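J.: As a plain string of letters, each chain reads:
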Amino acid sequence: EAQVTQNPRYLITVTGKKLTVTCSQNMNHEYMSWYRQDPGLGLRQIYYSMNVEVTDKGDVPEGYKVSRKEKRNFPLILESPSPNQTSLYFCASTWGGAISGEQFFGPGTRLTVL
Amino acid sequence: AQSVTQPDIHITVSEGASLELRCNYSYGATPYLFWYVQSPGQGLQLLLKYFSGDTLVQGIKGFEAEFKRSQSSFNLRKPSVHWSDAAEYFCAVENQGGKLIFGQGTELSVKP
Numbered sequence: 001e002a003q004v005t006q007n008p009r010y011l012i013t014v015t016g017k018k019l020t021v022t023c024s025q026n027m028n029h030e031y032m033s034w035y036r037q038d039p040g041l042g043l044r045q046i047y048y049s050m051n052v053e054v055t056d057k058g059d060v061p062e063g064y065k066v067s068r069k070e071k072r073n074f075p076l077i078l079e080s081p082s083p084n085q086t087s088l089y090f091c092a093s094t095w096g097g098a099i100s101g102e103q104f105f106g107p108g109t110r111l112t113v114l
Numbered sequence: 115a116q117s118v119t120q121p122d123i124h125i126t127v128s129e130g131a132s133l134e135l136r137c138n139y140s141y142g143a144t145p146y147l148f149w150y151v152q153s154p155g156q157g158l159q160l161l162l163k164y165f166s167g168d169t170l171v172q173g174i175k176g177f178e179a180e181f182k183r184s185q186s187s188f189n190l191r192k193p194s195v196h197w198s199d200a201a202e203y204f205c206a207v208e209n210q211g212g213k214l215i216f217g218q219g220t221e222l223s224v225k226p
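Just so you know, the sequences run in chain order A and B. Just so you know, the numbering used here puts 75 at position 75 of the first sequence, and the rest follows in order with no gaps. When you read off a place in the second sequence, starting at 1, and then add 114, the result is the number in the numbering used here.
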């Protein structure tokens, strides 16, 4: 089954404790991205990657890092989480390097930073 | 700057009634437009998309949307709403770099 998986689905952590949210897709997609969803703000892009070893900042990259060492994986790293990073996070992938068709979304990771 | 506006934060309709969700965009070039639906606790699912051609596009679950360049709009419609349509709906435009720019979302409630 074609899918985007994220782990963990739920995470409660404390300020300053490094964490990683994993994202994996099995569709051989080139393009992957991370979004955060906050009430009243819709989804905002954090980082995206157009292919292996190619990453770029989205609209709200501060406080986040990403890496793309393999095509299927695109982990999101919070080196020193803060309470304003409490949010619902979605990973997405699509086949196109640029203009594309459907973006497939993972189920989301709800992060709470205390 | 590119942006998407969904003027209605929350809409309630009766089951069986028609539905229209509004979406306005600001984008310099020919837009690539999408509607996604998010059911409670779920990820986003694509309802339909517009790239070019016929300005009335059909999607899944009986939804359709009409692209109106003169009004910079891409409104979502359904002739008869079902209780299972209760969800949050997001309009989005894709820029040249492949980034999706989302609207704030419209939450749909369906009355029995």
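Some hints here could point you the wrong way.
Here are the simulated DSBU-like cross-link-like pairs (lysine-lysine), alpha carbons at most 30 Å apart as the crow flies [unchecked claim]:
| hint | chain 1 | residue 1 | chain 2 | residue 2 |
| --- | --- | --- | --- | --- |
| 1 | B | Lys213 | A | Lys18 |
| 2 | A | Lys71 | B | Lys213 |
| 3 | A | Lys57 | B | Lys225 |
| 4 | B | Lys213 | A | Lys69 |
| 5 | A | Lys65 | A | Lys17 |
| 6 | B | Lys163 | A | Lys71 |
| 7 | A | Lys65 | B | Lys213 |
| 8 | A | Lys57 | B | Lys175 |
Some chain B residues close to chain A (C-beta under 7 Å, calculated; not the full set) [stated by the list, open to error]:
| hint | residue |
| --- | --- |
| 9 | Thr119 |
| 10 | Gly157 |
| 11 | Lys213 |
| 12 | Gly219 |
For the record, the hints were derived by calculation from the structure and aren't laboratory data. On a predicted model such as this, the values are computed, not experimentally measured, just so you know. Note that CB positions come from ideal geometry on N, CA and C, so glycine has one too.
J.: Hints broken by the structure, by number, lowest first?
T.: 3, 8, 9
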